[in-house]
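S.K.: Residue-level listing of the chains:
2 protein chains.
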Amino acid sequence: MALFQETEYLERIRNTKKRMTDAGIDVLIVSDPANMNYLTGYDGWSFYVPQAVVVSLEAEQPVWIGRGMDANGARHTTFLKEDHIIGYPDDYVQSPVKHPMNFVAEQIKRWGWHNRSIGAEMDAYYFSARGFAELQKDLPRANFKDGNLLVSWVRIIKSDPEIEYMKQAGKICETVMQTALDKLSPGVRECDAVAAVYRAQMAGTSEFGGDYPAIVPMMPTGEKTSAPHLTWTDEPYENEQAVNLELAACRHRYHAPLARTAYLGQNPPDKLTRLAELTVEGLNLTLAAIKPGMFCEEVEIVWRKHIAKAGLEKESRIGYSMGLNYPPDWGEHTASLRPGDKTVLAPNMTFHMILGMWMDNYGFECSESFSVTQNGCETFADFPRKLFIIN
Amino acid sequence: MALFQETEYLERIRNTKKRMTDAGIDVLIVSDPANMNYLTGYDGWSFYVPQAVVVSLEAEQPVWIGRGMDANGARHTTFLKEDHIIGYPDDYVQSPVKHPMNFVAEQIKRWGWHNRSIGAEMDAYYFSARGFAELQKDLPRANFKDGNLLVSWVRIIKSDPEIEYMKQAGKICETVMQTALDKLSPGVRECDAVAAVYRAQMAGTSEFGGDYPAIVPMMPTGEKTSAPHLTWTDEPYENEQAVNLELAACRHRYHAPLARTAYLGQNPPDKLTRLAELTVEGLNLTLAAIKPGMFCEEVEIVWRKHIAKAGLEKESRIGYSMGLNYPPDWGEHTASLRPGDKTVLAPNMTFHMILGMWMDNYGFECSESFSVTQNGCETFADFPRKLFIIN
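As you go down the protein sequences, you meet chains A and B in turn.
No gaps in the numbering here: position 203 of the first sequence is 337 in the numbering used here, and each next residue is one more.
No gaps in the numbering here: position 345 of the second sequence is 479 in the numbering used here, and each next residue is one more.
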């Protein structure tokens, strides 16, 4: 059974078709697993083989096309009618002589859409250069257009039921962050701290279980804080060191990320304590400034002005739209809180705002995930904003 | 510091260049994170942005090109010289007006390789259709060729140090599987069983910690066993039901997957018990038949003949090459144990052989990860092969 009411999926499809019409796209081949899920409910770890949801202006319901063995998964998780679920034979899988997109092209020909304007998600993770080349070869009369992020822009405003799952993820994330802080201690191996975090992510709460977040837990310390995407080792945490905690929880593929900074030891440097105060103050007042109707870039200006008073600047973006997603990223690649982004904030948009200040040999970060409300914003997790001292 | 000796990376690069020469490729753009790691040591959760390792027949060392903030990660994890690590500015990230592959093309022009025969991994997960289109646009004088799986085929024979990490992963996987069996019980929520598994995967052993496997734990029960890639829920396991356990452990990105089947309850159906005996017997004798020099397809024939005696057949492949990898798959997409695969088994090739027999409303699966040795094969984990009865 699909996660949401059928009416909600139909609304999402209507909104997608509107954007398709505006973009001059008759048929959209959706391969981004989050977009496939958004339009149909499909949820499975099957994106390691090519698959698609095909939306046509000429058809009411989209069609799911995937590996034959995953058709049952589509029956379990989507609202689609049986004849809108099509599995391809297993000899298409990792074959040197044929490609699943040849099968997708066959279906498009069968439906008579081979000479339409066809959109493909050109920069999606699981739509390959080869897949596109096969479509071009098999559908020479089609007019291909880039449909990248088309559905993602529909997704940017969440429904109330979606917000509810993000709130549940926020609740789980509170226990995830507390688990990390409880476990961190000099001498504890990084892998053991990460193990405790993973356990908390999946166990969730007694009311609702957790799902796998789209990004692994990041808990770097010492030198590695300057290399933000290195994962853990089995070395122990050391005393008198800061640890950056970039964690998340996930509920039915909806995310609530949360970042905090901890210091292991008795003697946090004064400059770190001051940086923490400055950053938390900035986080508080930037969140307080958020209102529907603002441009995304205006949110960033609030923060920029705040740190400028301390003589500091931070050039990168401070946040991004996020929600429903799959590895390798929970970000939606649409709106960013950064200079030049004119996206207008609207109720039920959801962001992760992460303020990280990196000096020569120390740093501090603190973040919140939130939804824009009618009058301001509301964070998904309720967790103290400060430098955590662990000794 | 890179994980392996520099001499080992140089050997891998030499073998890659040999294959490039055979394929008529002068310059290879490697975007598969496992292949990037294999050639340079690079290991980070940064594949959610476009990145590449560029190998040229005209240059001794490859060049790592990635997001500026990940250059430090490359310095930490690769053997490359400082001037072979190039970060692109952050305004290339998720930009509507430029793409990181424009930056890669710029570098290729700078090195004077713009009119060479350039290979791209056309079907790799993290090399997009858009990325390829940008390269074609920026390098109109290049002759593009498909370099897909070129490095993956070099990787198929592991070095002894690589085998050592896979053995460590196998050791961790024994505790992972035992943890799952200890935790499974009627009334336990699926998410809580998965939480215990995740914890064991990362904690590893007291000697060595675990890394994140490329696929999430799969522990379906009841109806969901017929939909193999659905992930867990927060529903409780029920009594008198079978559970399929498709688990793995990972050490420094090297995998050892392992599958077993458990039955919760006092009364496993006779037909399930008989199927388990047949399958385990087949697994034992197929493993015993493996010798260097065999074709991959010959391994499958041993199994096929065995189940044919019981009047059964299984059409899909029974195993595949695996080792170093990143989400979404630990398989290498090269050799498969299936009809028609003429890959010749050689010492230090590593496979996951998974025998799953699915009847109308019940099934059994059992697997082993192993390396081919001088005389036969050796499994990475030592774990009983049977139907586990939990009551």
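Simulated from the structure, these hints should not be mistaken for laboratory data.
One or more of the hints may lead you astray.
Identical copies go unnamed one by one, so any copy, or any two together, can satisfy a pair.
Mimicking DSSO-like on lysine-lysine, the simulated pairs with C-alpha atoms at most 30 Å apart in a straight line are [as the list claims (entries may be wrong)]:
1) Lys448 - Lys215
2) Lys232 - Lys448
3) Lys405 - Lys476
4) Lys271 - Lys476
5) Lys443 - Lys152
6) Lys317 - Lys405
7) Lys317 - Lys476
8) Lys520 - Lys439
9) Lys448 - Lys425
10) Lys301 - Lys425
11) Lys279 - Lys317
12) Lys232 - Lys152
13) Lys151 - Lys301
14) Lys271 - Lys243
15) Lys405 - Lys520
16) Lys405 - Lys151
17) Lys232 - Lys476
18) Lys271 - Lys232
These figures come from a predicted structure and were not determined experimentally.
S.K.: If a hint holds in the structure, say so; if it doesn't, say that too.
M.R.: Now the hints, each set against the structure:
no. : hint            : result
1   : Lys448 - Lys215 : between (50 Å within a copy, 29 Å between copies)
2   : Lys232 - Lys448 : between (49 Å within a copy, 22 Å between copies)
3   : Lys405 - Lys476 : neither (35 Å within a copy, 64 Å between copies)
4   : Lys271 - Lys476 : between (38 Å within a copy, 29 Å between copies)
5   : Lys443 - Lys152 : neither (45 Å within a copy, 58 Å between copies)
6   : Lys317 - Lys405 : within (26 Å within a copy, 47 Å between copies)
7   : Lys317 - Lys476 : neither (42 Å within a copy, 51 Å between copies)
8   : Lys520 - Lys439 : within (21 Å within a copy, 65 Å between copies)
9   : Lys448 - Lys425 : within (23 Å within a copy, 59 Å between copies)
10  : Lys301 - Lys425 : within (19 Å within a copy, 55 Å between copies)
11  : Lys279 - Lys317 : neither (50 Å within a copy, 50 Å between copies)
12  : Lys232 - Lys152 : between (34 Å within a copy, 26 Å between copies)
13  : Lys151 - Lys301 : within (29 Å within a copy, 52 Å between copies)
14  : Lys271 - Lys243 : both (13 Å within a copy, 29 Å between copies)
15  : Lys405 - Lys520 : within (14 Å within a copy, 60 Å between copies)
16  : Lys405 - Lys151 : neither (53 Å within a copy, 50 Å between copies)
17  : Lys232 - Lys476 : between (44 Å within a copy, 18 Å between copies)
18  : Lys271 - Lys232 : both (12 Å within a copy, 27 Å between copies)
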